[in-house]
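Peer 1: The chain contents come next:
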Amino acid sequence: MTTTPEVQQQLTQEETLATLGRYDFGWADSDVAGSTARRGLSADVVADISRLKSEPQWMLDFRLKALDLFERKPMPRWGSDLSGIDFDNIKYFVRSSEKQAATWDDLPADIKNTYDKLGIPEAEKARLVSGVAAQYESEVVYHSIREDLEQQGVIFLDTDSGLREHPELFREYFGSVIPSGDNKFSALNSAVWSGGSFIYVPPGVHVEIPLQAYFRINTENMGQFERTLIIADEGSYVHYVEGCTAPIYKSDSLHSAVVEIVVKKNARVRYTTIQNWSNNVYNLVTKRAKAEEGATMEWVDGNLGSKVTMKYPAVMLMGEHAKGEVLSIAFAGEGQHQDAGAKMTHLAPNTSSTIISKSVARGGGRTSYRGLIRVNPRATGSRSTVKCDALLVDSISRSDTYPYVDIRTDDVSMGHEATVSKVSDDQLFYLMSRGLTEDEAMAMVVRGFVEPIARELPMEYALELNRLIELQMEGSVG
Amino acid sequence: MSTLEIKDLHASVRTEDGPKEILRGVDLTVKAGETHAIMGPNGSGKSTLAYAIAGHPKYEITSGEVLLDGESVLDMSVDERARAGLFLAMQYPVEVPGVSMANFLRSAATAVRGEAPKLRTWVKEVKSAMSDLDISDEFADRSVNEGFSGGEKKRHEVLQLALLNPKIAILDETDSGLDVDALRVVSEGVNRFRSPENGVLLITHYTRILQHITPDHVHVFSAGRIVESGGPELADDLEKNGYERFVKAVPA
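Protein chains in written order, with the working numbering: chain A, 333 to 810; chain B, 3 to 254.
To be clear, the hints were calculated from the coordinates, so they are not data collected in a lab.
Virtual Cβ for every residue (Gly too), placed ideally from N, Cα, C.
Any given hint might turn out to be false.
For each label pair, taking beta carbons as the anchor points, the in silico distance ranges come out as [what the hints assert, rightly or not]: (1) Glu62/B with Ser745/A: 47 to 53 Å; (2) Gly152/B with Ser745/A: 32 to 38 Å; (3) Asp356/A with Glu148/B: 30 to 36 Å; (4) His748/A with Glu117/B: 42 to 48 Å.
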């Protein structure tokens, strides 16, 4: 049933020991689909993906054009070191299940087992979510939505089904927020995208309990390229939550998603990510929202795992009084670089943006805050606040701040605060003098540091975050 | 019945210019049921004694012994000392942003008692201890010591004393910065704690806290060691005549 021993054969004993107690989601299922998938990228591969999905011609054309853009665009060199990505060795499409299941029991046993271990069915049973999507490799294998939401016209589908079942709505918005050629990785995603969530919330409908998606990479050297498109119609509200995990392998995998969100007049969307990829995943994600008049877009972004993350959730504030907010936590341990931040573009008068970023580095890990605030000449009366705090747990870790500001009008209010702090000896002494071990004391200081963001997370994710911090802090001292 | 024995204790503080000796041979025994007051002028090393016993990394013990019930605490880490039954109420309690008092108190109680207190009785226990010290309920949700006034911090130190119920409590300048009412509340808290089961070492610069907490023994501290010991009447003498004669008697 479990194939953990198989994974262990791929690692030396020391490596296996090093992973124990560090990363809880590092098992792998047997990998029949993945082992036969082909490596490398070409027009044939792209055409195959489109054919397998029986897509309309316009999508195939879209993909091929994007492939061309991908090949022509240079690798970004301004952020993390991406030289370790071997595009020829990646498997771009892995189909693990012939059809999507409507109940957990219909899933193939090994996939069901994975999601059981991750606790997803419990969340659904406990009604912590209004709908669940589970993506395994390239495609969504399980999907459900509460009937009452369906009756109100809420659409929550995997993106492939979205294209099939709502072609007009889909085509109107797909690629409208992030053009294929935005950057090398959005081009790559546009060429080989598969899976992701497609959500439409009709005017005035409030989805009170989050919709949740769970992304899992199982195959070694797999590339996961999900594509999410959310349209919140006027005056609506939805909270979408995604979690990500992968097995621990010796060589690297790539996750490169594109997430587009359209927040119409007076609507509000909250998008929460807890990314806990294993430490051999390159996580290069483009996320952007358009916020119309009076709309609110909130990104809550937790980056705990991955080898390298480059992710800067963005909000284009298109209409007057639109609001954008990014709350982000990044946690970098040994061998990790979290290059995360946010991008706010003020395009209309009286728009406001807030960025709150907290990062923790330990064990030689590196965190970078990279942010851009752009205020166009039209966007008079706008306000922007940026606050980024970094915590260094030891003296071998690193934190950098790269704030970019481009303001084209005088009538703005802009605040920027950045701090870098270390866990102080006095804090540790105080907590230890109350009986806490050094690891416990350190974890408590770190939990306190990220608390302002952790409290914005859904309960089960906040608990998960706390648990991860404790795991990360074990043996972090001395 | 617990006993804290300090034998010929020498300690240095780590500074940029190398170690500097502060404690120069301290001898003191605190038995359960006793309250000892250590009094001395500023800079005499009183607080260093408190930190050295608790194990602050800034101080290095160069020689001597500290025994709790016959066992050396100097080989123990700071948290092991706490779990063995030592408690230090600090002069300057440290802020821990984002950690609620409720969470902190429960974590500390769990560590010191060896198991998590039962939630039901724990909530009652904390509430009653807080109300004894005139601490309002909202403090449970506030971050540890963050934005607390001097008096609020000291009350919370005594709250921890009440909840952790150590064998030996060291109170470092717990009276400093308190107004008359706060001094009374804090002193009452210490008096509630005093019992035949535990001992108190009270470190203070001023005699006024001794009007609320009557010590069994008073020691005068100067230039890193105890230069005179006596009963409560020694405090009265200090009140009248100051530290001058003791400071003069010992070459620095």
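Peer 1: Please list, smallest to largest, the hint numbers that this structure does not respect.
Peer 2: Violated: none.
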